[in-house]
Structure formats: C-alpha cells, structure tokens
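Number of protein chains: 2
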Amino acid sequence: MLLKTLGEDSLIESLKKFSGSHRRLLKGIGDDTSVSVQKDGSSLLVTTDILIEDVHFRTKSAPAYLLGRKALSVSLSDIAAMGGTPLFFLVSLALSPLTPGKFIDELYKGLDSVGRETGCVLGGGNVAKTPGPMMVSTTVIGEAPADEVVYRKGARQGDLIFITGTVGGSALGLKALSSRGKTPLSRLPWKKSVKSHLDPAPRLEAGRMLARARLATAMMDISDGVGLDLKRMCIESRKSAVIYLSSLPISDELKAYGRKTGKSPMVDFALTGGEDYELIFTSPEKNLRKISALSRKLNLPMTPVGKIMSQKKHERVITVLDEDGEPMELKKLGFEHY
Amino acid sequence: MLLKTLGEDSLIESLKKFSGSHRRLLKGIGDDTSVSVQKDGSSLLVTTDILIEDVHFRTKSAPAYLLGRKALSVSLSDIAAMGGTPLFFLVSLALSPLTPGKFIDELYKGLDSVGRETGCVLGGGNVAKTPGPMMVSTTVIGEAPADEVVYRKGARQGDLIFITGTVGGSALGLKALSSRGKTPLSRLPWKKSVKSHLDPAPRLEAGRMLARARLATAMMDISDGVGLDLKRMCIESRKSAVIYLSSLPISDELKAYGRKTGKSPMVDFALTGGEDYELIFTSPEKNLRKISALSRKLNLPMTPVGKIMSQKKHERVITVLDEDGEPMELKKLGFEHY
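Sequences listed follow chains P and V, in order. If you read the first sequence in this note's numbering, its first letter stands for residue 1, the second for the next number, and so on. If you read the second sequence in this note's numbering, its first letter stands for residue 339, the second for the next number, and so on.
Treat each hint with caution, since some may be false.
Computed list of lysine to any residue pairs in SDA-like fashion (alpha-carbon distance at most 25 angstroms, straight line) [unchecked claim]:
#1 V:K440 to P:G30
#2 P:K109 to V:T343
#3 P:K263 to P:K331
FYI, nobody ran anything at the bench for these hints, they're computed from the structure.
Between the sequences and the hints, there should be enough to build the whole structure, so can you do that?
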C-alpha cells in the first residue's frame with residue numbers, strides 16, 4: 001500500500017510496534033514529545049519537527065528570519081503541550097549549494113530571537129547538501145517535574161475541552177499569502193492572521209502553568225486542526241468527544257472575514273484549518289473557575305468548546321454539533337499530510 | 339556569498355555566534371554531540387544527522403533495511419565519539435506520498451535492528467510529505483558520566499593520534515556500488531567494503547571504554563575523511579598534526595584493490611575517503627601499552643597514525659608525510675559537503 005493511501009495516522013499507528021521499551025523511556029510514539037527519565041527522576045522531553053520548502057513554507061512568502069522563528073516555535077509548541085520548559089535546541093538544515101550566506105544568517109537570527117524570548121539556546125546541529133527543496137528540522141530538548149508532565153492519554157469522561165487563544169487565524173493568513181500576487185507582505189489584508197501563520201507564538205507559559213496547577217488531564221498542541229488533533233487525543237485516551245462548532249474561539253479578523261464573504265468560517269478555518277499552535281486541553285468541570293482565573297492572569301482566552309465522552313464501538317470518535325445541536329457530516333477533520 | 343563558495347566549515351564557524359550560553363549547556367556547536375547537564379550532574383548527549391536521497395544514499399543501491407541501519411548507526415557513531423552510551427532515538431522522515439508502506443516498514447526494521455544491538459530504543463519522531471528527495475533524519479539521546487565525556491578540544495602537544503579499525507573501505511564500497519551497473523548487490527566485488535559503506539558499525543564499546551579508562555584526550559568519529567576530520571579536531575584543540583600516510587590502517591580488500599589497479603589507495607581512499615565511522619582519538623605516548631591491551635580485548639585494531647604538534651601561525655594545520663617522510667601537497671583532505 002502506498003503512503004498516500006495508508007495515510008499519516010495509520011502509518012504512525014503501524015510504527016508503534018517499533019516503539020521499544022527502555023527503563024528510562026516513559027513515552028515513545030504517540031504524544032507531542034518523547035518523555036524519558038533523567039537520573040534525578042525528573043522528565044526529559046525531546047521533540048523533532050521538519051519544515052519543507054513548498055510543503056510547509058514558500059521562500060517567497062516567508063522571509064528567512066520568520067522561517068527561523070516558526071521552525072523553532074512549532075517545536076517549542078510541543079514542549080508547551082507537555083507542560084515543559086525548553087532548555088536547548090538543535091537544527092538540521094538541508095540546503096542547496098546556491099543558498100546565499102545572508103539567507104542562512106537571517107534564518108539563524110530568527111531561531112535565535114525565539115530562543116532568547118523563551119530561554120532556549122542553540123546547542124548544535126547539522127548541515128547537508130540537497131538537490132531538492134530546502135528543509136529545516138528542529139529538535140528541542142526540555143524538561144518538567146515527572147508528576148507534572150501532561151500526556152494526550154489522560155482525558156476522562158465528562159472533562160470539558162478547552163482551547164487557548166483563537167483558532168482559524170493561521171488558515172486565513174495562509175489564504176491571504178497564497179492569493180497575494182505581487183502585494184508586499186506589509187500591505188496584505190488580515191495582518192494579524194498572516195502573522196499568526198508566519199510567526200505563531202508557542203504557548204509555553206500557559207502549558208507550564210496548567211501543568212503545574214494540575215488543571216489539565218490531557219493536553220496537546222493544535223497543528224493539524226482542532227478536529228483532527230482532538231481525535232488523536234481521544235484515541236490515545238480511549239474516549240470520544242463532542243465539539244460545539246459555535247463555541248470555537250475565533251479572532252475578530254476571522255469574524256470580519258466571515259461577514260465580508262457571507263460564509264461561515266467555522267468549519268474550513270476554525271475547526272479544520274490547522275497550524276494555530278494553540279493548546280487544546282481537558283479538565284473536569286470543577287476546575288472552571290481556576291481556569292478562568294489563570295486565563296485572566298495570562299491575558300489569554302481559555303475557551304470551553306466541548307466535552308469528553310466514553311468510547312463506544314462503531315461510533316465516530318469526534319462529533320461536531322452545529323448551532324441547532326445537530327451532528328454535522330464533515331468531509332475531513334483537519335489537515336491530512338498524505 | 340553563496341553556500342558553495344563559503345563551504346561547510348566556514349558556515350559552521352559563522353554559526354557559532356548563535357551558540358548561546360545556558361547554565362545547563364556545556365557544549366553547543368563544534369563537537370560530535372551537544373553536551374548538557376542532567377539534574378544529577380551527569381552529561382546528556384544529543385546529536386542529529388540527515389541522510390538525503392541521491393546525496394547520501396541511492397534507493398537503488400541501499401535497500402530500505404540497510405538505509406534504516408545506517409541512518410541510526412551514523413548518529414550512534416557521534417555518541418561513541420563522545421564516550422557515551424545511547425538511550426533512545428527519534429526519526430524524522432520526509433517521504434513522497436508514493437512511498438510504499440513496505441519500504442517504510444523495512445526502514446524501521448533496519449532502525450530497530452541497530453537499536454536492539456546497541457540498547458537504544460525508538461522514542462518518537464515525525465513524518466512529513468515532500469515533493470523532493472527522501473530524507474531520513476535521526477536524533478540520538480545518550481549520556482555519560484560528566485568527567486568521562488571526551489571532547490574534540492582536548493588534544494595536547496605530543497599526543498599520539500590513533501584510529502580504530504581500518505579506513506578507506508567505505509570509499510571502495512561506494513566505488514563498487516557506483517559502477518555496478520546491473521550486478522546484484524550479492525555478487526559485487528569487495529563485499530566487506532560494500533558492507534562497511536552500507537552498514538557501518540558504530541564504535542560504541544571502544545568509545546565508552548576509551549572514555550572510562552581516560553585513555554583519550556580528544557576523540558571524534560571519521561565521517562568526512564581522516565584528514566578533514568583530524569583538521570577539525572586540531573582547530574578545536576588549537577593544535578596542528580602530522581600524519582604518516584603509510585601508517586593509515588587499511589583493510590585486506592583495499593590492499594588487494596591497490597595491487598590490482600597498480601595505484602596506491604592511501605590518499606584517495608584511506609586519507610580522504612570518508613564515511614568510515616571509525617574513531618580517531620589522541621593519547622599521550624605513555625598510554626600505548628594500555629591502548630594495545632584494550633585493542634586486543636575488543637579485537638579491534640587501534641593504530642597510531644601521527645602526532646599532535648603545537649599550533650603555529652601561517653603553517654598548515656595538517657601535514658601529511660609520504661613514505662620518505664616528505665610533506666605532501668594535497669588537493670583536499672576529505673569530503674567537502676559544499
């Protein structure tokens with residue numbers, strides 16, 4: 001079977017048989033980062049991501065500086081999703097021999113700027129020649145107290161599902177970038193959305209504080225869309241979930257875009273758009289007040305969007321309810337890589 | 339300036355300015371792995387490598403199983419070069435949607451087999467779609483007691499330079515593979531050399547034991563050729579070195595190849611060939627007997643090939659002496675990636 005037929009999630013499922021056991025490895029395949037035991041008992045978190053030219057970015061739309069920022073931010077987002085603190089990062093580059101030195105310098109300035117903002121330093125890496133598209137791979141090493149690491153697998157029946165910030169902005173930004181023709185970046189409409197696509201902010205503080213206060217039973221970051229990522233969390237937790245479409249938190253720009261086009265942006269942008277790098281987490285209803293307080297403290301919305309249900313055979317994992325409370329028939333739940 | 343003009347070593351040198359400081363990071367850019375402090379004081383080693391289709395391997399020559407083995411072995415070789423023990427690894431793949439599932443399965447079987455041989459387990463990773471050449475990136479996490487980590491920077495004037503195993507075999511294997519036409523792998527000449535190219539053995543035990551016995555003042559692995567890698571070690575150690583060309587340890591196959599072609603394989607294969615993944619290390623002369631004993635115990639040659647000298651301005655870092663003790667004029671010292 002070809003990979004495009006198999007699909008990403010089935011591939012990863014099939015690879016779990018290779019996820020060996022080691023007394024020091026607590027979690028291999030199936031979460032935002034690997035989790036292993038440091039010698040003092042605390043948890044080491046390691047995550048790796050790749051951005052590929054013409055798949056994840058276009059050099060025409062993404063200046064090298066912003067590409068560097070995003071490459072590190074998306075991996076930091078995985079550390080945030082475990083409730084961790086980043087320590088340092090490694091960068092592997094595959095570059096054409098014709099890459100200008102200036103481009104590489106700007107790329108590292110971007111990596112470095114996010115590193116400084118988050119207390120995470122460059123610790124090495126690798127450069128290789130490629131005849132094909134450019135590739136930027138980042139590996140971030142972080143840590144957390146062992147009893148504060150938040151996995152995907154911890155969601156419990158009855159838990160509310162929360163999302164930090166807003167979703168769908170990145171997809172609107174991508175749309176603006178894709179159809180911009182010769183308009184310079186600085187004159188594009190939907191500026192905030194373009195920024196959230198090119199330069200997403202990893203939710204490290206929110207992830208760490210939710211973990212420390214033990215407010216999240218399960219957590220992950222939203223990279224491929226709310227629907228698809230929540231489905232992955234539910235599968236790891238052996239649960240199902242209901243999402244209220246109209247509850248999804250969207251930005252003022254996305255609301256304005258909806259009014260302008262006369263079409264609801266809730267499914268194509270907010271539910272399935274992807275690349276928002278917000279956190280999605282679950283928590284029992286009794287924590288609502290504490291979560292509201294944390295949200296105010298961080299000046300970051302934390303919006304309840306649905307509920308975790310028991311897992312029933314032959315029923316779908318994710319049910320999306322429309323404004324009338326009717327289950328929707330959806331073609332897809334998020335961005336499928338294959 | 340374009341990358342091909344700048345060159346790999348100058349690029350990496352220029353990137354050192356981004357290598358930030360962090361109380362937990364002992365070594366960033368400039369060694370085989372990053373070295374950081376675990377909470378109990380022991381050292382954490384992290385290394386990342388990329389193999390790119392049509393640059394580092396060809397799917398026609400390298401069956402997926404062997405590609406998986408090599409991808410992990412080359413990163414383990416970096417852990418060996420620090421004197422470390424591997425714990426677990428992550429794999430990032432960039433794959434075409436048309437990749438057969440069977441290929442991926444074989445690739446992971448190869449990774450898994452090396453993992454089992456070395457006590458290193460799969461801990462996660464990432465899969466992304468690419469329109470270009472396939473890419474396999476491995477990240478290995480290992481550790482070592484803090485006072486046993488062997489850096490590139492420790493070579494001292496007067497130290498002897500040793501190489502484990504033999505060198506040049508990988509280059510001969512590559513030559514046999516490149517010119518094989520339709521000859522099946524199993525019928526190729528220079529079988530052992532082909533194996534050492536497609537399936538190199540990381541010298542984990544030798545690296546660990548040299549480190550534990552404190553026999554190596556500096557150590558690294560030979561990936562780009564004895565000459566070029568020793569030059570890198572000398573630069574980090576602020577020293578220069580003399581290599582006796584005729585001392586380089588070569589395999590029986592490479593000797594036979596030399597006799598057959600009537601040309602000496604010492605420069606093009608043994609000195610500059612690259613991808614041998616043997617260890618090169620330095621040690622004071624007084625350790626000669628202990629090193630011989632370890633070599634016998636491991637049944638692995640450890641051959642003295644030269645000497646570390648002081649660093650003098652305006653003189654070359656690496657001097658290669660021919661059989662008459664005369665300095666040679668060489669076009670290159672190893673494989674330059676750009």
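Evaluation of the provided hints:
Distance restraint check for V:K440 and P:G30: the Cα-Cα separation of roughly 21 angstroms lies within the 25 angstroms cut-off, and the hinted pair is therefore satisfied. Note on P:K109 and V:T343: the hinted pairing holds, with a Cα-Cα distance of about 21 angstroms set against a maximum of 25 angstroms. As the CA atoms of P:K263 and P:K331 are separated by approximately 17 angstroms, the hinted pair is consistent with the 25 angstroms bound.
The structure shown violates none of the earlier numbered hints.
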